[in-house]
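Model the full structure from these sequences, guided by the hints.
Given next are the chains, with one letter for each unit.
2 protein chains.
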Amino acid sequence: MKKTALIMAGGRGERFWPKSRKDMPKQFLSLTDDGKTMIQLTVERILPLVEMEDIYIATNRDYKDLVRRQLPGIPEENILCEPVGKNTAPCIGLGAVHMQKKYGDATMIVLPSDHLIKYTNIFVNTLSEACKVAEQGENLVTLGITADSPETGYGYIKFRTEEAIGNAFAVEKFVEKPDLETAKKYVASEQYLWNSGMFIWKVSTILNNMQAYLPRIHEGLCRIGDAIGTERQDEVLEKEFSAFDAESVDYGIMEKAKNIFILAGTFGWDDVGSWLAVGRIKAGDELGNVIDGNVVMVETKNTIIQGTQKLIAAVGLEDLVVVDTEDALLICDKNSTGDIKKVLERLREKNQTKYL
Amino acid sequence: MKKTALIMAGGRGERFWPKSRKDMPKQFLSLTDDGKTMIQLTVERILPLVEMEDIYIATNRDYKDLVRRQLPGIPEENILCEPVGKNTAPCIGLGAVHMQKKYGDATMIVLPSDHLIKYTNIFVNTLSEACKVAEQGENLVTLGITADSPETGYGYIKFRTEEAIGNAFAVEKFVEKPDLETAKKYVASEQYLWNSGMFIWKVSTILNNMQAYLPRIHEGLCRIGDAIGTERQDEVLEKEFSAFDAESVDYGIMEKAKNIFILAGTFGWDDVGSWLAVGRIKAGDELGNVIDGNVVMVETKNTIIQGTQKLIAAVGLEDLVVVDTEDALLICDKNSTGDIKKVLERLREKNQTKYL
Chain W
171 MKKTALIMAG GRGERFWPKS RKDMPKQFLS LTDDGKTMIQ LTVERILPLV EMEDIYIATN
231 RDYKDLVRRQ LPGIPEENIL CEPVGKNTAP CIGLGAVHMQ KKYGDATMIV LPSDHLIKYT
291 NIFVNTLSEA CKVAEQGENL VTLGITADSP ETGYGYIKFR TEEAIGNAFA VEKFVEKPDL
351 ETAKKYVASE QYLWNSGMFI WKVSTILNNM QAYLPRIHEG LCRIGDAIGT ERQDEVLEKE
411 FSAFDAESVD YGIMEKAKNI FILAGTFGWD DVGSWLAVGR IKAGDELGNV IDGNVVMVET
471 KNTIIQGTQK LIAAVGLEDL VVVDTEDALL ICDKNSTGDI KKVLERLREK NQTKYL
Chain E
171 MKKTALIMAG GRGERFWPKS RKDMPKQFLS LTDDGKTMIQ LTVERILPLV EMEDIYIATN
231 RDYKDLVRRQ LPGIPEENIL CEPVGKNTAP CIGLGAVHMQ KKYGDATMIV LPSDHLIKYT
291 NIFVNTLSEA CKVAEQGENL VTLGITADSP ETGYGYIKFR TEEAIGNAFA VEKFVEKPDL
351 ETAKKYVASE QYLWNSGMFI WKVSTILNNM QAYLPRIHEG LCRIGDAIGT ERQDEVLEKE
411 FSAFDAESVD YGIMEKAKNI FILAGTFGWD DVGSWLAVGR IKAGDELGNV IDGNVVMVET
471 KNTIIQGTQK LIAAVGLEDL VVVDTEDALL ICDKNSTGDI KKVLERLREK NQTKYL
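In order, the protein sequences belong to chains W and E.
Everything in the first sequence is counted per my numbering, starting at 171 for the first residue and increasing by one.
Everything in the second sequence is counted per my numbering, starting at 171 for the first residue and increasing by one.
Derived from the structure by calculation, the hints contain no laboratory data.
Check each hint, because a few of them may be wrong.
To be verified - Across the chosen pairs, the derived CB separations fall in these ranges:
id	chain 1	residue 1	chain 2	residue 2	range
1	E	Gln479	W	Arg238	30 to 40 Å
2	W	Glu515	E	Asp489	44 to 54 Å
3	W	Lys520	E	Ser200	20 to 30 Å
As the list claims (entries may be wrong) - Some chain W residues near chain E, calculated using beta-carbon distances under 7 Å:
id	residue
4	Val466
5	Lys480
6	Ile482
7	Ala483
8	Leu499
9	Cys502
10	Asp503
11	Ser506
12	Asp509
Every residue, glycine too, gets a C-beta built ideally from N, C-alpha and C.
As structure tokens, this is what we get:
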């Protein structure tokens with residue numbers, strides 16, 4: 171069966187401020203030493219499985235030019251612009267109706283655009299196996315990440331080893347972000363994996379599930395699908411999509427659907443959820459510092475510095491994140507990266523929108 | 171007796187890097203909210219006692235234009251340029267021979283150019299009293315600072331209350347920077363004051379003491395004095411001054427001379443020895459932060475930020491000093507300000523002299 175991919179790239183993530191901005195979100199930034207952006211790496215990673223012309227990018231109008239520039243190999247008509255963000259279910263549905271129109275049916279790989287994966291070869295193997303499971307009957311397949319700590323920032327997926335297709339285990343339930351105590355129990359039980367937000371299914375399977383669990387969205391998607399290729403395409407998309415409820419595929423479908431299978435990913439996944447990820451991704455010095463730019467350090471350790479041309483002198487620092495850009499500088503304790511969003515709130519209050 | 175002042179402004183202090191640079195040392199910076207530079211404040215402070223035309227500035231050629239620009243009221247011929255830095259004794263001697271040439275004799279107030287004083291009125295009163303003591307016989311007078319902590323960064327002066335002229339006590343000895351244990355004993359004994367580097371004496375007194383204790387320097391100074399006003403003035407200065415040994419007035423004269431008196435200063439003196447001084451000088455917020463520039467703070471306390479136009483976001487910080495300039499940024503733990511000089515060493519090693 172034809173393999174396709176939908177890469178979701180509409181996010182406006184704030185956690186990489188001040189490098190990420192409303193007109194330059196995280197997926198379009200390069201955080202690795204190879205200079206490639208997150209979305210470029212996401213595409214490159216699946217090329218052994220999916221032809222470039224069968225890769226779709228779901229984003230919004232503001233980022234269309236960024237996608238074009240960073241991914242010149244993706245056909246123009248495969249860049250799908252959501253008129254407004256409505257969470258993942260409508261986004262995936264939009265991709266599915268486009269694929270249905272073009273291919274009739276196909277295997278559809280859904281991927282976030284802003285994660286990193288260390289072992290691309292293992293990842294491709296796992297995805298390939300997931301495709302086989304998805305192509306059997308009406309299975310919804312997801313990749314789960316082996317939890318190595320009780321993270322409270324991820325959703326968890328409970329599985330049963332008793333029922334399996336090859337290495338894919340039956341999913342018992344999706345659970346939302348737990349508190350620390352619950353997360354500890356999950357990890358200890360060895361029956362939970364982290365929800366990676368990566369899905370594999372047939373186009374027909376996901377559309378059938380939408381019809382069953384999100385019927386109003388499904389109706390709108392059908393009208394959008396009918397209009398593809400006509401002169402009313404944009405107008406119908408605008409009207410129908412804007413009327414959708416914002417709904418995640420996790421909550422709207424996966425928590426209700428049957429025939430869900432999960433493959434445990436052991437491919438060095440990182441959701442790059444904060445500046446701390448840079449400390450994991452890049453090679454540090456013997457004192458644990460990860461440094462970019464023109465930096466002089468004295469008695470400094472476990473510190474991440476992302477600079478530009480400006481000279482940065484770090485003296486006696488520990489466990490800090492320093493990110494300098496042309497017009498804004500962040501200095502943040504490593505334990506406080508969650509508070510970066512408060513900076514953006516203050517900037518909104520002060521109407522300093524140029525920094526957002 | 172005519173009152174004159176010599177303000178010593180040749181220092182190339184590194185402790186206020188990156189705001190202070192080799193072409194813009196600390197005495198020419200403004201660190202107070204009034205926008206006046208340290209040397210401007212130093213001059214302004216003594217105007218109730220000394221006429222502007224009787225104030226001399228000892229500096230070096232590199233800073234002559236800075237002095238002219240910041241102190242347009244000082245007569246051009248009162249700006250004395252040392253051909254090379256030779257510590258305080260030759261500097262003071264140079265001032266003294268110029269004053270001798272012009273006034274015959276005068277009361278000479280010697281002041282550093284980079285200290286701050288909170289209570290100007292008390293300071294002027296103390297100086298005035300010091301002048302009276304200096305004008306009696308051949309007394310060398312200094313102002314000592316009431317030690318409120320066992321600082322190891324200052325010299326100390328031991329005095330005897332048994333012998334006094336008014337409030338000026340006889341000095342028993344000058345001692346160099348002590349270790350912490352010794353400093354604690356000094357402070358506990360109530361017989362020591364901090365050496366402020368401010369001196370008051372007659373021109374004739376200091377020149378007589380130079381003749382007694384630094385005879386070679388005195389001979390050279392006489393030749394320099396003889397050449398003042400002649401066409402050989404610059405040539406003689408260059409030749410004689412360059413041949414001087416570098417010698418501090420403390421070590422070269424004060425540790426050996428007789429008839430030294432000290433007045434205890436209680437006028438809110440601050441030698442502005444590091445960025446920490448900004449935290450003492452400027453008003454902070456309720457969390458102890460002292461902020462300049464376009465700054466957004468989240469959960470940050472006891473932090474000093476000196477910014478420019480660039481937005482600085484401080485998240486979860488404590489006890490840091492952040493100084494941003496156009497081409498260099500310093501982030502320093504408050505306990506590590508002494509290590510800023512190591513940054514400059516590294517820059518010299520890396521030949522990045524433009525940042526010095």
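Restraint outcome when Ser506 of chain W is required to lie within 7 Å of chain E by C-beta distance
holds, 3 Å
Is it true that Gln479 of chain E and Arg238 of chain W lie within 30 to 40 Å of each other by Cβ?
Cβ of Gln479 of chain E to Cβ of Arg238 of chain W: about 33 Å, so the range 30 to 40 Å holds.
Taking 20 to 30 Å as the hint, is the beta-carbon distance of Lys520 of chain W and Ser200 of chain E inside that range?
holds, 26 Å
Does Val466 of chain W pass the interface hint, meaning its C-beta sits closer than 7 Å to a C-beta of chain E?
Holds, about 5 Å.
Under 7 Å, Cβ to Cβ, is where Cys502 of chain W needs to be relative to chain E, so tell me if that hint holds or is violated.
holds, 4 Å
Take the shortest C-beta to C-beta distance between Leu499 of chain W and chain E; is it under 7 Å?
Given a least distance of 5 Å, the restraint on Leu499 of chain W holds.
Residue hint Asp509 of chain W, partner chain E, criterion CB-CB below 7 Å:
Since the shortest Cβ distance to chain E is 5 Å, the answer is holds.
Less than 7 Å between beta-carbons is the criterion; does Ala483 of chain W satisfy it with respect to chain E?
Since chain E brings a Cβ to about 4 Å from Ala483 of chain W, closer than 7 Å, the hint holds.
Restraint: Asp503 of chain W near chain E, CB-CB cut 7 Å. Satisfied or not?
Hint on Asp503 of chain W: holds, closest Cβ of chain E at ~3 Å, below 7 Å.
Next item in the hint list is Ile482 of chain W. Is there a CB on chain E closer than 7 Å to its CB?
This hint holds: Ile482 of chain W lies near chain E, its Cβ roughly 5 Å from the closest one there, short of 7 Å.
With 44 to 54 Å as the target window, see if Glu515 of chain W and Asp489 of chain E comply at their CB atoms.
violated, 25 Å
Chain E contact restraint for Lys480 of chain W - C-beta distance below 7 Å
holds, 6 Å
Against the hints set out earlier in the document, a violation occurs for number 2 only.
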